[in-house]
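Participant: For this one, chain A is given, so just place chain B with the ligands on it according to the hints.
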Amino acid sequence: MQLANPVMTASGTFGYGTEFADFIDLERLGGIIVKGTTLNRREGNPYPRMAETPSGMLNAVGLQNKGVDYFVQHIYPAIKHLRTNIIVNVSGSDIESYVRTAEIINELEEIPAIELNISCPNVKQGGMAFGVTAKGANEVTKAVREVYKKTLIVKLSPNVTDITEIARAVEDGGADSVSLINTLLGMAIDAERRRPMLSTITGGLSGPAVKPIALRMVWQVSKAVNIPIIGLGGIMNARDAIEFLLAGASAIQVGTANFIDPTVTIKIIEGINDYLERHHYQSISEIIGALEC
Amino acid sequence: MCKNSIKRKSKQVLNAYLCAQEFIYLFIMRKYIQDFRVTDCTRLHANYVLLKLAQDTPLPKILPGQFAEIRVENSPATLLRRPISINYVDRERNELWFLIQLVGEGTRHLGDAKKGDIINVVYPLGNGFTLPSDNSKNVILIGGGVGTAPMLYLGEQLKLKGITPTFLLGARSAKDLLQLEDFARYGKVYTTTEDGSHGEKGYVTQHSILSTQSFDMIYTCGPKPMMMAVAKYAKAKNIECEVSLENHMACGVGACLCCVENLKDEGNVCVCKEGPVFNIKRLLWQI
Ligand SMILES: Cc1cc2nc3c(=O)[nH]c(=O)nc-3n(C[C@H](O)[C@H](O)[C@H](O)COP(=O)(O)OP(=O)(O)OC[C@H]3O[C@@H](n4cnc5c(N)ncnc54)[C@H](O)[C@@H]3O)c2cc1C
Ligand SMILES: Cc1cc2nc3c(=O)[nH]c(=O)nc-3n(C[C@H](O)[C@H](O)[C@H](O)COP(=O)(O)O)c2cc1C
Ligand code: FES
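Top to bottom, those sequences are chains A and B. Final position of the first sequence in our numbering is 293; the numbers increase by one with none missing. Final position of the second sequence in our numbering is 1287; the numbers increase by one with none missing.
For reference, chain A alone in the conformation it holds in the complex (with noise of 0.2 Å):
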């Protein structure tokens, strides 16, 4: 897979893209990573499923799709024509059906990658329980390359003690890449009433609160793994998106920050570029990992 620059959507933040449509142009994205698809539909979690905090946001959507049949069916033939990397991010109760899901989504000519989410926080059984024990998300990445060809991107999970042992899991399984980091864990209370914000009563944190972590993981695992990764958690703006390319980064993703500015990608690019012409940098290769310490 070939990225005309290094800026993509967030899993679950930006739709399948044409909710966007009208705000900027698609085709100048790195690439858009649609909704969280599942083998078989899901409703998903009961409202309240947000919760603004400090600098963040709560969420406990409960990956809400309407499976992968009817992705393939209804959604794909839709956005299969946009210029850019069209990304699937695929999730599952057991091995079994992300294997399925992944052999359904290898057969879609135009998707060339598709992001394993084993870190979800906000699914009862699987999700993030393949992510947070390196046997689980060795076992998983394995079995998925098995059977898909493509590009095999794998989300990590930050509710971890030693993320870059997961990493170098998931490395050993045939990723081509890891992408990180997915929500941390986290609770909001109404004290008021003495209830939970979330029907869920936990969620994930996303936006400008996990970025300082966030950013932190992508340099432990830079020092880890040889294959490329993806950063995100925060990033609000070019000089964010700058900082996880040199500690190490070699594309990033854009997440909450679509929800308060919907045209904030294009903003990032620009300023990516911006940055580079005033560094005197030819190229962008020329950031990855160059954090000076």
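You may find that some hints are simply not true.
[As the list claims (entries may be wrong)] Here are a few chain A residues that face chain B, going by a calculated C-beta distance under 10 Å:
{"#": "1", "residue": "Tyr16"}
{"#": "2", "residue": "Ala51"}
{"#": "3", "residue": "Val61"}
{"#": "4", "residue": "Gly207"}
In case anyone wonders, no lab produced these hints; they're calculated from the structure. For clarity, every value in this text was computed on a predicted model and none was experimentally measured. Note that the Cβ used here is the ideal one computed from N, Cα and C, for glycine as well.
Facilitator: Here is chain B with the ligands on its own, set in the frame of chain A:
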């Protein structure tokens, strides 16, 4: 077998219809992100402001019941945009009006806006109310508290279609009843207040016109208990009824799936995209 194929056929027809709707929506109802200039920000009383935002160029088509996602600058506690109903569209001045109740940091910041400030707005969002196709219909617009906001633009649009609506507006007390003279331009206005300081004493659903007059269509927006009481009345009298929901939102454009309402026919759908207006027949409310 035969039954199944009919079922499949009707499903195809429905899908084709939904696609056509989506098509119309995509091409006619474009969404915009624009900077607006504050032309006026008036305290209506302690807790409400009327914020008027203008553009130099003509505003696009906006349906009554649609809303905007307003960016709140310089408010560290307000990361996300705030969804606010479009209260009125002044085409002569290219102005959008918003009636805002000051409940938290975000709305309070918006209330402090000064003439000339720039505010970024994503609009028009959501679906809007369904206007009756036949202008002999007797319609009533029931609003409570700040839920009266979308009723003003809806009232004007009904009037332009040749329908004179009845307004039934409820509030805690007289000082919480807003824009009454504006409403009176489009139809007859009835009020209720909880303390009896204006109109009839009590809740909107206790107002006498609901028993002395008959209506074909009810539009309502306000606190959820009020909307549920109105929906209950509509259901009992077998009157068509649309409600405007205020589920908490993040993106406002159908991308994050945070704002869902569980519907009888479709399960969880985004209030920001498929709503905020829903026919009560589709809701799972216990009424
Ligand atoms: C489609 C839609 C249209 C709306 N139209 C209007 C309008 O015309 N005028 C108006 O004043 N308000 C309207 N609201 C409600 C408004 O969005 C909230 O009051 C606002 O987001 C609160 O922001 P805050 O930062 O001031 O308060 P916060 O500090 O975020 O919250 C303060 C209190 O308000 C509650 N609250 C927060 N968000 C919402 C919400 N989305 N809906 C209801 N309560 C909320 C919180 O639970 C809390 O108790 C609308 C909401 C929606 C979804
Ligand atoms: C509302 C919402 C829904 C999300 N859904 C998914 C999902 O389906 N699959 C996934 O891998 N990540 C999902 N995420 C996580 C984001 O892709 C991203 O990893 C995280 O939000 C951190 O990035 P950010 O701070 O830039 O948002 C979701 C995040 C949000 C806020
Ligand atoms: S607010 Fe994001 S889908 Fe409705």
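Participant: Run every hint past the structure and note whether it holds.
Facilitator: Evaluated hints:
1. Restraint check, Tyr16 of chain A versus chain B: the minimum CB separation of about 9 Å is within 10 Å; hint holds.
2. Look at Ala51 of chain A: its Cβ gets to within about 8 Å of chain B, closer than 10 Å, so that hint holds up.
3. Interface hint status for Val61 of chain A: upheld, as the beta-carbon distance to the closest one in chain B is roughly 5 Å, under 10 Å.
4. At about 6 Å, the closest approach between the beta carbon of Gly207 of chain A and any beta carbon in chain B falls short of 10 Å, and the interface hint on this residue holds.
When the structure is compared with the earlier hints, no violation turns up for any of them.
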